[in-house]
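Engineer: The chain contents come next:
Protein chains: 2
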Amino acid sequence: MYNLAFMPSLAQLDRKVLWHPFTQQTEWEKGIHEDILVISRGRGAYLYDSKGKRYFDAVSSLWVNLFGHNEPSIDRAVERQLKRVAHSTFLGLTHEPGIRLAKELLAVAPKNLSRVFYSDNGSTAVEVALKMAFQYHAQAPGGRTRSRFLTLKNSYHGDTLGAVSVGGIGLFHKKFRPLLFKNHTVMSPHCAPCPHNKRPPARLEDYEYRGEDPRPGDSREKTACRWECLGQAEAVLKKHSKEIAATVVEPVVQGAGGMLTAPPGYLKGLSRLCRKYRVLLIVDEVATGFGRTGKVFACGLEDVLPDILCAAKGISGGYLPLAATLATEKIYNAFLGRYEDFKTFFHGHSYTGNPLACSAGLASLALLKKRLKSASFKGTLKAFRDGLARLSRLPRVRQARSAGLMAGVEIVGDEKERAGKKICMKLREYGVLMRPLGNVLVLVPPLSSTSKEIGSLMDRVSHAIREH
Amino acid sequence: MYNLAFMPSLAQLDRKVLWHPFTQQTEWEKGIHEDILVISRGRGAYLYDSKGKRYFDAVSSLWVNLFGHNEPSIDRAVERQLKRVAHSTFLGLTHEPGIRLAKELLAVAPKNLSRVFYSDNGSTAVEVALKMAFQYHAQAPGGRTRSRFLTLKNSYHGDTLGAVSVGGIGLFHKKFRPLLFKNHTVMSPHCAPCPHNKRPPARLEDYEYRGEDPRPGDSREKTACRWECLGQAEAVLKKHSKEIAATVVEPVVQGAGGMLTAPPGYLKGLSRLCRKYRVLLIVDEVATGFGRTGKVFACGLEDVLPDILCAAKGISGGYLPLAATLATEKIYNAFLGRYEDFKTFFHGHSYTGNPLACSAGLASLALLKKRLKSASFKGTLKAFRDGLARLSRLPRVRQARSAGLMAGVEIVGDEKERAGKKICMKLREYGVLMRPLGNVLVLVPPLSSTSKEIGSLMDRVSHAIREH
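Which chain is which? The protein sequence lines are S and V, in order. Quick note: the first sequence uses this note's numbering, first residue 1, plus one each step. Quick note: the second sequence uses this note's numbering, first residue 1001, plus one each step.
One chain only, chain S, in its complex shape:
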């Protein structure tokens, strides 16, 4: 059993044996900025450390948790499946939780998607998408090898080398360049630092993209913005479409890049360009999926129909590693044939479609469908927006940007000052767990948060920023 007296040495042991992800271990080992926090249990939107202190989980345990910790219906689903079988392979066999979750995922996904390929995390979901797109072009009738992708600056699609190849964050990706394949990269659709026009978009319909032929009512007639971001994408597609397998994009929000929001209409415009130049569209909904933006998938905000959709993080409600890559029947069909044609998609992971994770996913998805329709969720969204509006008026805040329940609050000042880190450490004192991205505070609370909890979170964030 859990032994509280043993607790102090757990942190010491951690320092000796572990290597934490995305962590400068010198700081971690020496306790620079922070003491090591050992999380011992969770309940609802709260986590408790080994000393019993309670924290609001303001980043949903790295954007994965949807309905809080120890959510009874998900617990029950996992327990029930555990009594049957924890795992059975998806190579050559199948099982009920895997089948049923696939059906439910397709029911809430963009309607053109018809096939579910499971894997274990966001990186592998993206790798599957890249390999599918590549192999699709080589095998499709009249197809040919296309070995580049259209990618965006500031994008993040995971840490395996294929996913790194399509990423656009210098700090994470640049040093591995000799191991990466080459792509065509265009500007990020984030408006604030746009060199062309700093005016933010007003209404969605003002920004509807109409291709190369601006018509009356086109946004580009009305504002200084000429959709230069889409223009760059189109210039590349026009010149190189024959070698580009797919465009890869985080829809609506570039997450790890700093919670950078794209203007309404961008995704729709990019999707139209892909169709026009016959390039596949891969949307990476790993961070944005499962209600974070207010819709099940961010694609739904602009009625975009991608060819391939990557899902992970929230797919299991934040309980267990699981991912899925969804594809259209057209893509799937290009892989059919006799065995000896070798058109098979030779990709798979040992725990693909793990029954425990799929069972958690089914329970979570049932909660999600109810939650998104509920009046209380609208209240939560409103509290979140209102709180961000208040934060954006603080002198130390450069911008507070959001989509649904995902927000980045950018603090003014040089990154070297580590303002993000310091404010998050202050927030720990106030009982809030948060992890920044450079100077950007990241707020991604569980979807189940009440408007009261959100209000209280915003008050504490505001306080910590002002104290800084």
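Do not rely on the hints blindly, as some may be mistaken.
[What the hints assert, rightly or not] Calculated cross-link-like contacts (lysine-lysine; reagent style DSS-like; alpha-carbon spacing at most 27 Å):
1. S:Lys369 <-> V:Lys1083
2. V:Lys1369 <-> V:Lys1030
3. V:Lys1343 <-> S:Lys422
4. V:Lys1422 <-> V:Lys1053
5. S:Lys16 <-> V:Lys1343
6. S:Lys182 <-> S:Lys242
7. S:Lys16 <-> V:Lys1369
[Unchecked claim] Stretches of chain V that chain S covers, calculated by requiring three or more beta carbons in the stretch to come under 8 Å of a beta carbon on chain S:
8. 1020–1030
9. 1062–1070
10. 1114–1126
11. 1129–1136
12. 1250–1264
13. 1343–1354
These are computed hints drawn from the structure, not numbers from a lab. Glycine included, each C-beta is placed from N, C-alpha and C at the ideal position.
With chain S fixed as given, assemble chain V onto it according to the hints.
Structural biologist: For chain V alone, kept in the frame of chain S given last:
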């Protein structure tokens, strides 16, 4: 609850919504070779389909299961952790199951390894290893960029594009070449098809590698084998060591390549070459780890001390997706520094160190330590070897090769005849689940199998081969 009446349509639904890994879906959908088998529960070494038929799980659910399904002590560990918290992030926080499992892993790993970096599957464990080795050389004192790896033909290290880059199986890897980085690839150490010498090794000490200077007693004096496989590796290392970050090898058995066993001494010899030419040694123990070869890690068979070790599959006892990359303190130290030096290993997955999976891993590792020392396990190993010896005398068997409880039984004939597949389908009738690799039957039973179960398995395999 589980509804048996619903069962028939589960298979139909599967055909409509799923895309299975490593599966030609035309065959799957049309039921060529096989009907779709829906697994509904497990108990010990057995899985049960939706009709209640029982099968011996002869491939341990794709080489992951160690102690059978619904093993009480692992079930309890998962349930207990589920009551605390299913998941909490390892980015900036820590938790007891993750710390304790790391400690236990290091206690059974080669003694020079001191740090555990978690991820979710074998592919990511390898990607972490490749990126660590690459970044290590760039950051180590006096280091420089080394962007190639020494790899082996017939090797398999996973399906993400970095892992594919170091793989050597044409069928899986060749078509993705435009997306892969280049490496130096040398011959596989599998003796049977060796163009230099077909005589298998006699005793380990005969084959001890002594570098370039054969001395009396050196195996190369006694047999036709001149360690040409190591010679090829040495030739490449001599010429290119300055650009090679690491050698990547599946120790003792190349799994997906066809259960190809290396002669005793090869791993030791390769390890000495790596030290001599100052190239890191990465051992991929994803398939061989956790007792499959009779030792906790296959490295232990030849007392090899790798710089980096990749573990997955059996790490959670076959319950949940989990992986770990273990590294030496020397490698770890090259990533230390001030934050602004940007030496951090910027890699991580959302569910890294998932507490439920780590709890399963702890319970499984406790069982493993006992099992490997037990007399009954020795009996199981003996029954396995004896059974394989019997199989190897069948006229249709070209070779039965094994290490511990991993075996490949190669059937004579053209691969196009799909003998492996057909025999496995016959075995289903006999209540055995098995998945072949081309013409090779793969036998990887749970470590908990009794000698009686192994005997019965071998009888049924023998029967199915003779029937074929």
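Engineer: Among the hints numbered above, which are violated by the structure, and what are their numbers in rising order?
Structural biologist: Per hint list: 2 and 12 violated.
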